[in-house]
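K.L.:
Sequence:
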Amino acid sequence: MIEMKKSNLYGIAAVAFALTQIWVSGPANAISVEQVRKDVSALAGDDTLGRAADGTGIAIAEQYIRDEFKAAGLQPFFGQSYLQTFSLYHYQPRPFAVAINGQALDPAKIFAAGSAAKVEWQKDNIAIIHIGAEDDFRAKLKELNEAGENALVLVNPVHEKLFKGFSHYLATGTRSLSEKPEKALVFALSETPEINRLSVTGGFDKKHITLNNVAAVLEGKSRPDEYVVFSAHHDHIGQQIDPQSGKDNIYNGANDDASGVAAVLNLARYFNNMENRERSILFITFTAEELGLLGSEHFAKTIDADAMVAMFNIEMIGKASQFGPGKMWMTGMDRSNLGDLLNTNLPANLRADNYRIEADPYPDFQLFYRSDNASLARLGVPAHSISSTQIAKDQDYHQVSDEISTLDLGQMTEIIKVLSYVSKPIITGVQTPERIKPLAAKSQGHFF
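The letter at position 183 of the sequence shown is residue 183 when you use full-length UniProt numbering, and the numbering goes up by one with no holes.
Calculated from the structure, these hints are not laboratory results.
Some hints here could point you the wrong way.
DSSO-like cross-link-like pairs, simulated, lysine-lysine; straight-line CA separation at most 30 Å [unchecked claim]:
hint	residue 1	residue 2
1	K319	K38
2	K424	K70
3	K442	K161
Distance windows between CB atoms, simulated [what the hints assert, rightly or not]:
hint	residue 1	residue 2	range
4	A117	D394	16 to 24 Å
5	I303	P347	26 to 34 Å
6	D340	T192	56 to 64 Å
7	S41	H398	14 to 22 Å
8	Q80	D394	38 to 46 Å
9	A127	R356	54 to 62 Å
10	T172	T344	42 to 50 Å
11	Q366	A305	20 to 28 Å
12	S222	E143	47 to 55 Å
Backbone N, C-alpha and C fix where the C-beta goes; we use that ideal spot for every residue, glycine too.
Let's have the full structure, built from the sequences with the hints guiding it.
P.N.:
Given below as structure tokens:
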């Protein structure tokens, strides 16, 4: 562990002392720094190769999570399996070529989205759509995406900046939880007013990927069909494609989000020894968060959202927050009363020390809908993310430097302990947080 400042040590000591008073009569396997270190080390080691959702190393992390759930005495949530296996389809564009009136366009002025294995268009077999200088580029893209028809889209150069932005965004292809029909949208930066001859060629390579969420459950006594959810994501972003010789090329993701998964595992072990569990507790780690919350999106399609009483999504708790070590913040504090309930549940000695779970200090980042809690929150579940990292200035986020050596495991352990304490009245059925207003279903684009 890196050396901590004295002020951090004092802050952790204060929280730890207060929590020690709570744990005197708690379970024998009280949450410990040693176990937290073991979990993060296993999940964020070099052998997991950065846990890319479509990579090979992620299977090591998934096996570890499954084994730890089983060792802790938890039952599989998905029938006889701890795994929820599902398909992901990745459509990667090959180079496209566009020639208008015999003149080939610069490849840098072409991009495509779609799923067609082979594209061979001429003037007489494809729709040609113009986005003019006065048109709203984003609105036109949305319209074309929702229409879902093959087309060559000629974009006036006045939109070059936005054109390049979308070109960069779609360069790595698109991903879908379902297989798409073979269609394509091809965009070209050109103001050619009249087209006599046209040639468009290219296509997309399709890759079918099998992914796994991992989940276990502790059944409640009197209200087993009501669930309190603790979650995190076990995927990260893998390895650098073209690393410099001799340089570290593995994005270990110790904070993002091995720290959250370690919290889920420690909470699972802790609550297995809790006697008055009236509601069931679901512990789940999602895959493909880094690809756009796809693991939690799939999970949300398979559950009865009304049975989910609350969701604690734990995201990047390995570093001290701006409020001090051992202190956390929560996204969407104004969207339900869950945060208020948790603060009322704090032990008196922590409240006396002005400890509280804070509101998200980074509202401009719109974090509430950028983590896996969003997939359930859209359905009305009081689902929030818990974090402590100072996002605005963290130098290790999505860098190869996100290693266990950069984490403050002491303050992380105290956060897990606080969560285990303040969530108990919800698990025992004493408290029920209010629901979040569901969002209207997202319009489904055919291409991206």
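K.L.:
Give a verdict on every hint.
P.N.:
Here's how the hints hold up against the structure:
1. Pair hint K319 plus K38 holds up; C-alpha atoms about 17 Å apart against a cutoff of 30 Å.
2. Among the hinted pairs, K424 with K70 is consistent with the structure: their alpha-carbon atoms are about 22 Å apart, no more than 30 Å.
3. Restraint check for K442 and K161: the C-alpha separation of about 27 Å stays at or below 30 Å, so the hint holds.
4. Between A117 and D394, the C-beta spacing of about 41 Å breaks the proposed range 16 to 24 Å.
5. The given range of 26 to 34 Å is respected by I303 and P347, whose C-beta atoms sit roughly 33 Å from each other.
6. A C-beta distance of roughly 60 Å is found between D340 and T192, which places it inside the suggested range of 56 to 64 Å.
7. Between S41 and H398 the beta carbons are some 20 Å apart, a value that agrees with the proposed interval 14 to 22 Å.
8. Our hint of 38 to 46 Å for Q80 and D394 holds, since their Cβ atoms are close to 40 Å apart.
9. The supplied range of 54 to 62 Å is met by A127 and R356, whose beta-carbon atoms lie about 58 Å from each other.
10. For the pair T172 and T344, the supplied restraint of 42 to 50 Å holds, since their beta-carbon distance comes to about 45 Å.
11. Restraint check, Q366 to A305: a C-beta distance of roughly 22 Å satisfies the suggested window 20 to 28 Å.
12. About 52 Å separates the C-beta atoms of S222 and E143, a value consistent with the hinted range of 47 to 55 Å.
In terms of the numbered hints stated before, the structure departs from hint 4 and from no other.
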